[in-house]
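Bring the two chains, given one by one in their own frames, into a single complex with the hints.
Chains as they are written, first to last, in this note's numbering: chain W, 1 to 579; chain P, 1 to 598.
Think of the hints as simulated: they come from the structure by calculation, not from any bench.
This structure is a prediction, so every number in the text was calculated from the model and none was measured.
Do not rely on the hints blindly, as some may be mistaken.
What the hints assert, rightly or not - Incomplete in silico selection of chain P near chain W, CB under 10 Å: (1) P58; (2) W62; (3) V133; (4) D157; (5) F167; (6) D174; (7) M186; (8) W533; (9) E536; (10) G540; (11) D551.
Every residue gets a Cβ at the ideal spot worked out from N, C-alpha and C, and that includes glycine.
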Amino acid sequence: MPVWNIKMGRPPSVSLRGHRARYCDIVQRIEQQARWGAHAHRVLAMATSPSQTFARQSTFSVGNKFHQLLFGEAPKRTRGARVLPRMIAWTIYLTFAGAVLLILLPRPFARWIALFTTIAGLALGLIAFVHTSIADLAHFTTIVRVPWVPALGMNYHLAIDGVSLTMVLVTGISAVSTVLFSWDVEHRQNEFFFWLLLVVGGCYGVFLSADLFLLFGFYELVIVPKYFLIAIFGSTNKEYGAMKLTLYSFFGGMFVFAGILTAYATAGSLDLNELSRFQFPGQLQSWAFPVLFLGFAVLAGIWPLHTWAPTGHVAAPTAGSMLLAGIVMKLGSYAGLRVAMNLFPQGFQAWSKWIALFAVIGIVYAAAVALRQRDLKFVIGYSSVSHMGFVLLGLATANALGVSGAVLQMFSHGVIAALLFAVAGRMIYRRTHTRELDALAGMNLSGALPFAAFTFVIASAASMGIPGFSGFAAEITILIGTWKTYPLAVWITGAGIVLVAAFTLRALKQSFFGEARPSVLMQEGRVALDLDWNEQQSITPAEKCGACLLMSATLAVGVYPKLLLDRIMPAVDAMRFLK
Amino acid sequence: MSSILPWILLLAPLCSAACITLFALRWKALSSFISIMAVLLSFICSCLVFARADISAPQFGWIDVAGALKVPFGLTQDQLSKMMLVLVSGVGAVIHIYSLGYMRDDEGKSRYFGALSLFMFAMLGIVVANNFVMLFMFWELVGFTSYVLIGHWFYRDAAAAAAKKAFITTRIGDFGFMIGILMLWMATGSIVFAEITPRMSMLTSHPTFLTVVALLIFCGAVGKSAQFPLHVWLPDAMEGPTPISALIHAATMVAAGVYMLVRVAFVIQTSQTALLVIAWIGTITAVLAALIATQQNDIKRILAYSTLSQLGYMVMAVGLASNDASMFHLFTHAFFKALLFLAAGSVIVMLHHEQNIWKMGGLSQKLPITFVTFVAGALALIGCPPFSGFFSKDAILALAYQRNVPIFAVGLFTAFLTAFYVIRLLVIVFFGKPRSEVARESRESPAVMTGPLIVLALLATLGGFAFFARRFLALPIEKEVAVFVPAVAIVALILGSGLAIVLYRNRASEPLDLQLLRHKFYFDEFYRWLIYWTQELLAGVFAFFDRWIIDAGAVSGSGRGTLGIGALLRLIQIGNLQAYLFLFGLGIVALIYFAVFH
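Next up, chain P with everything else stripped away, as it sits in the complex (with noise of 0.2 Å):
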């Protein structure tokens, strides 16, 4: 049945942006009650499309190259699109929301609210495209609308620097994406999902070919959800203001990565090399995240690597085969993690832009909802039961100790490391005594910023549980693994969370002193180190060359050629007779000689 739904609820956001840049600039409530209404519109819709059994919306051709390239605009409307619309426009509803309190204050409230609105329209843009060449176009839009909301506070150095990092890195990854999508192109003749489906078998007997485009694919992945090792970026990410780092940074837009793997699942699955190396990157990126984290101060970077560990897991899965298991867990993480960012923006904004978690201590009577709400998330991640996070994190080990053990004994650990760093987190922040003055000052959030804490923690709290999940996914199935599993992860995250508690309970400083893990592995060192000896060196070299071999060598050395061989003429010029004369008759005389003695 064709309908226009799935299209208004993909425009709504991007008229809501356009509307706030054009007109609504000056007027900050009106410019955050358009971009709410316009979020709240889609997600109605996003409802309504899901509710429907078959849908299907009317498209247009983009560019058609007659013979060579069509890219046509149409949206997918299948169980996978409609379970992310319904996702990615209800928990941006709620954090456009949620930032009406955050951003009470801020100059620059309409600017927020519009990029906001061209968020959602490319995020959703994402989940609704039908071809790779639309894709990427939403995919290098969230980009730059992440840039943009990164750099909000673009007078601080900081906020500048981590925009502008992002955007390169992630960059650099679409770069792979792209190549991947033009092989594909040359190789099957189409960009279009469902085209290019049934024509993956004439690839078959190509694998080297179909890995490389599987890992060139992938590329886009691991820019994008901030995968090994390209994960510089999210980290410091956390410069944006924190509803943008709930809804872009933990959410949805790094989310993008892992749903557009299991949306060219049909691509990937056919190498079990690229499998291998995806789920690998995934694990990789899943245990260093963690480790990290347990060593970090600040509370947003300490959820910002928790989110990379996650997502890694996620990556793990797709890795590991099972679609039904990433997408499970990004349902349940974007749940959580939004709830976690927002409680721990709830936290930040109450102390008064305070992110250090040693300035922090003895929340949990001073923020009660907050306090709640966050522990609720927090059990999510660690995955204890009966929490959201549990189900789904059980579902990808389970599936890892079926196919991979090593991969599956990684996990474990990173689940040990995840309950500890976050019991640790919860222990500074919200237990013993206030260490700073603003932390014995502080007072519960208003309510337009607890009431979105609070449906969150219902949605994270109940999200894993088959009777809620099963309406919107696949849920993977479990065998006969379904008791050691869950066993073992539960006695990992005891032990983790044990040893959390007794480490720093009551401390008013770090007792650990990991100087590799403060400082992530010296990763951006070494990355600094990097673009001085490439990009710079190159620029360096390449300026130079312009400068002093064509335009002062080649350039500015014709035209004094010229001018010297001028000058040189000139000299012949005298002027005076008697010069003349006098050359006349040495030539004469010259002349004279040759003649007569040759």
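Next comes chain W alone, as it looks inside the complex (with noise of 0.2 Å):
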């Protein structure tokens, strides 16, 4: 009997527990056959991907798959494909080798080797994106799994399928585009990159995780970081954000747990693909839901538990906000849908119109808030609560449409946020020194710096829902979604829509093309508006590399969201929560 079961004090379910049988058998068999090392790694994880397709594939192809691994003779073509996605987990130990390295390497060498180990993450990505076929990112498929606490069950268990590839790759564009832009970062740098990369790495680990344990320390892990990277290269009011920001998610954190735990005293298995195939009473999953999903659905900043957004996103450094905007708030709708809404499917049907509720509020709510705003950055803070609005409202849908819509709004929105959060803590605040509206409208920074105002047009339309922007995509795939399940919805939404517009619009005009007055001095390319600060003006080299990252990130989706949505799709369908 595995000890689990004794653990537990209370015997499983009877199919779990047949199940379970199975499967340990498979991985003993295997364990005898294969020779511990680089292959073992491999084999294991082949192992472990048939036995969560037992319920949905034939015999056969189990069977045959096997057949393939244990004796050899696998054609060529599954090897590669087979071989390749499996890189992805390099995703995770790369970044935190990286980060490791920084404290022990001097300082010349801190932003490069952030920036290698960014660039090597984000073309991970990359080739698993191209070399997966879309088949095997139907389902929550296995890549790495090694024992870690066996007598709780616990497991460094990492999968993929198109979702995870999706937030996988958002994360890789975000953070290379956050080290470009820190680039002249000279305060503490390598504790500085340290604690980036650590971020990053995190967040690799959450949407890779396919153990609930494993992904909520990697959830945990995020938070101690950011809160050094706020607290010590923060600006306005830096203590303050950082302690709002960590106390929120640590709030949202208990929440998690409880509802982490009740999931696993229930089914006795912290293994996702396992656990969404437990079948969870009823009373049970009516209110667990609403626990877990809270405590995920803080960090997407839903309302009204989204004001450690705006104030962490001001008080945060430019890379900070951008991770913040563009991965980290992606960390709470992503756990959402991987963990509470398919671990509880009913409980979150049950829930799913208050979800949406608090979604279109969100939505309306904020973008009237930011229309008010006169710090650039918490306009842009409000917009991205807004704007993660559509995606609690993507996911309450619970149709297909709808929640791949939402993915692909998580993508949209890290990149769109990163560019916007860029340009106004980079690119105008590192040369002006203010962020007041009123205060840049007198500069018409323009003149002054041509290819920011130009990477703020690009973004403000994406922001604003302008077809050939990732944002249009994800947003009318959302709304086609959600009419089908509420239509009221939709027609709220609309009034956010306009909103967005308004105040998109205004922060653009006031930052960019205001009218210059004459005490602004001006001089060719560059504003001078601090005659004692003397840093580089214009625009470098390493900022326009990273918004032209994310701009093309943006117009690639936008253009073609085929390429995003054929994989999100499959992995979305086979979840089974929808309706």
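Below you can see the structure in the form of structure tokens.
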């Protein structure tokens, strides 16, 4: 009898036990046959992959795979396709290794190590994106599985499907551009990039985890480096912002932990694939779901638990806001989808209309509040909350279209928000030392910083949902999905869409295209506001590269959303909460 | 026959826009060259496509969600779209060339031509879209390019505000449009025009649903074609460069609303109620705009109101269920209105950007080519035979006479007003004595500007004749009213013109003073008030709520609460041994008291 059954003090359901017995048998057989080493890694991974597809695939295909595995002779195409996606686990190892290396090596190497590490992460994501067949991305396919704490049934278990891959990609893109936009951080450089890489590595970890506890571990791991990033390197009111963000995160984490314990205690497993097939009692689902989802949704900025976001964004250094808006907010929505919705489908269906309600309120409310902000970063911070409202609305639809749109919106917002914060925090603030819209309106920065103006126009257009950018593709998919479930929500969202246009255009006008006042000294190609401030003023090549990377990402997905949607759709379709 | 030509004509301007943005922003001459070449290529391809009887373009999938949503990217190639292609790319080409002269010394010339190319792409996309989502995408994209182009001189506050107003106002309409599309998609399961058309018969038993859908889709046209009550953005959009006003806000983009209504006529014509509403909205816009135009003093704004009024006629024709009549008027209007704007642009440039008509006067001698072409456009606009506007407006009036007499009466009154304000404009600007220094010193524009004027003047003159127009359009057929309606229309025309000549001949200032009309029926003031009490109020309340109730109240409150409890608990931990002993003793006494006496 497996150890965990004794530990749990309560026998798991019959079906699960049967499943687990079969599964253990397979693992043992493989462990006997495989040499321990580089090969075993793969073999182990292979072993679990069919196990999670028992319920879905015919015995024949499973048997066939085992045959190939045990006796070799696998066709070349299949081998290639199977090895490559597994490399994506290296995003996590490389990022953490880079972080460790950063503290050990002297300062001149710091930013280059950070850059190479993040580029390697993005490259791995892209390789997986290109080489993994769409069929393989339809299920949460295991890539690594190593026992961790066997007594509790914890495994180091990573898996990937279309949704994870999309999130890994946006993490890679945001990370690379974040490093590029932090290129000239001088203050405690090694430490800065160390914390930054920890955040990135933790995010990769969350997006790839297939073990509930592992996911939670990575999820909490992100919070600590975020605190230091903001508290040490931040600007306006940084201690307050950092502490608020951390307390909010732990507040959410508390609920998450309670939810995870509930799931573990009931089902006796931490494996997400197993759990997602386990039938939790309806009574339990109806209260466990809101607890778990609420915990995650805090990080996704759900109304009314969103106020950490604007304050945190404003307090954070540019890199911090880019990561916070670009990836960390996605952790909440991703985990809400992967864990809460997937584990407790009935609970989700009972509560989905409430999520939709909060999401719609969030969309309109945050857009309206953004209209009143004077600080550019606050405007963008509230716009993030509004856009994340679309993600939550898409999730609440519980149909394939809406949820796929939500995942696409996570990608889209990750890129667009990073771009907006890069312009506001880096391109504008570093040169003018102000983010007050009224002050910026007197500078007519478009003359001094034409590239920044161009970037901000693109970012605003993408944020308003102009066709050709990813925001449009995502929002239209979400709205179409929503129309099927909550037509009324679409009507109200309309007000939000108009308000988003209103505040975005207002911010755009005031920040870059104001009327130049004579009191502001203008020099050719540069704006001289503070005469003591003699840092290099024109846009640096690193900033240009970062901006171009983000812009091309939003354009590519906007022009041809099938690129991602084709991979997201099957994965979403395989989830069981769909109505 | 499958051909790649339609794709070339669509993508050429996009390539041009991309090239200009990426590489050519610093070389103004190069960017204008690229842009003009691209639009000429589009025009040639359009003509080739038009000349071929049956042509189709390969299509690909854009969003493909199995079983739920399929959005293909395909190009419609029917008579209607082919005609529009030639019209849009042709007028576009003329205006591109004219822009060379008008924007000669502009600092943002590259930006201007890049945005112009992007606009051409989006507009051609609307024309060839074969499904609702694609149509909506290009629809939004023209809105954005229009925003960029209106705000071309963004350092003028008026231009920036106008650009924002245009974008947001049209977006309100677009939102209704989107919901209409969603409803139709839910009901029919498709978004492709060709697939929906046969399925419309399934819906005939739900007249209310059809009415709602038709009106929601019409919302899109109300925004884009600036119909009452969302008409307020168009006059303000005149803050953009004049070629933009000619191309976007007269000939093509604003007409896109009408084109869209004709394209989706299979939906709209299923509901009589919706048609009636559409017809009346068009009529109201026509008469309202004509009334306002009589009291305006800015040459471009007068033309903008006349555009509104003419768009009203087209929408009226759509509402009277005649696609032919409305497309005919769209066709002729594109020529004569583009001509009028370009001629006005010629006047404005030569007067160093003076737009007030009371500062002009006597320009017929100074700018002879501009004058002659302007007169051709003006006569076409007021519907004077044999200019093109006469035929197309007559067709709409005849239609109204047959189907709805009240609308006909209002339409006729609008024709009278049109004649009045156009002749007023003509008299004040071109006749009498010059009323300012710049007007006295003006001279004729360069050939690069007058050339396009002459081309458009020829088209505006000939465009209405059947031998020309029939090649492009199916002309509406007039029946027994063929004599009565034109006769009445000509009487209205003569009355209006005569009144204007009598009133404004040799005047130095405005003799009439109608505040209601001068203030455009106080629409802007009303909307400002409305926005103040809705959007601003909402934003203010939410911002207050966010800052004080959620953040200061709930969030900081819970933090303070925790601190407060801590502070209270701290009181007990004094650290003084005697105090502890005292408390200890107190506790014992209390225990004994309770144990013994209770």
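Proposed interface contact between P/V133 and chain W, which counts if any beta carbon pair is under 10 Å: Hint on P/V133: holds, closest Cβ of chain W at ~7 Å, below 10 Å.
Hint check: 10 Å Cβ-Cβ cutoff, P/D157 to chain W: For P/D157, the interface hint holds, since the closest Cβ of chain W sits about 6 Å away, which is under 10 Å.
Minimum beta-carbon distance criterion (10 Å), P/F167 to chain W: 6 Å, holds
Minimum beta-carbon distance criterion (10 Å), P/D551 to chain W: 5 Å, holds
Hint validity - P/D174 Cβ closer than 10 Å to any chain W Cβ: Cβ of P/D174 sits 9 Å from chain W, so the hint holds.
P/G540 as chain W interface residue, shortest Cβ-Cβ below 10 Å: Result: holds, 6 Å to nearest chain W Cβ.
Interface hint for P/P58, Cβ within 10 Å of any Cβ on chain W: 16 Å, violated
Restraint check, 10 Å cut-off on beta carbons, for P/W533 near chain W: Not OK, violated: P/W533 not within 10 Å of chain W, min 14 Å.
Evaluation of the interface hint that places P/E536 against chain W, nearest CB under 10 Å: Status holds, d = 8 Å.
Evaluation of the interface hint that places P/M186 against chain W, nearest CB under 10 Å: Holds, about 6 Å.
Given hint P/W62 near chain W, where the shortest CB pair must fall under 10 Å: With a minimum Cβ separation of about 7 Å from chain W (threshold 10 Å), the hint on P/W62 holds.
When each numbered hint is compared with the structure, violations occur for hints 1, 8.
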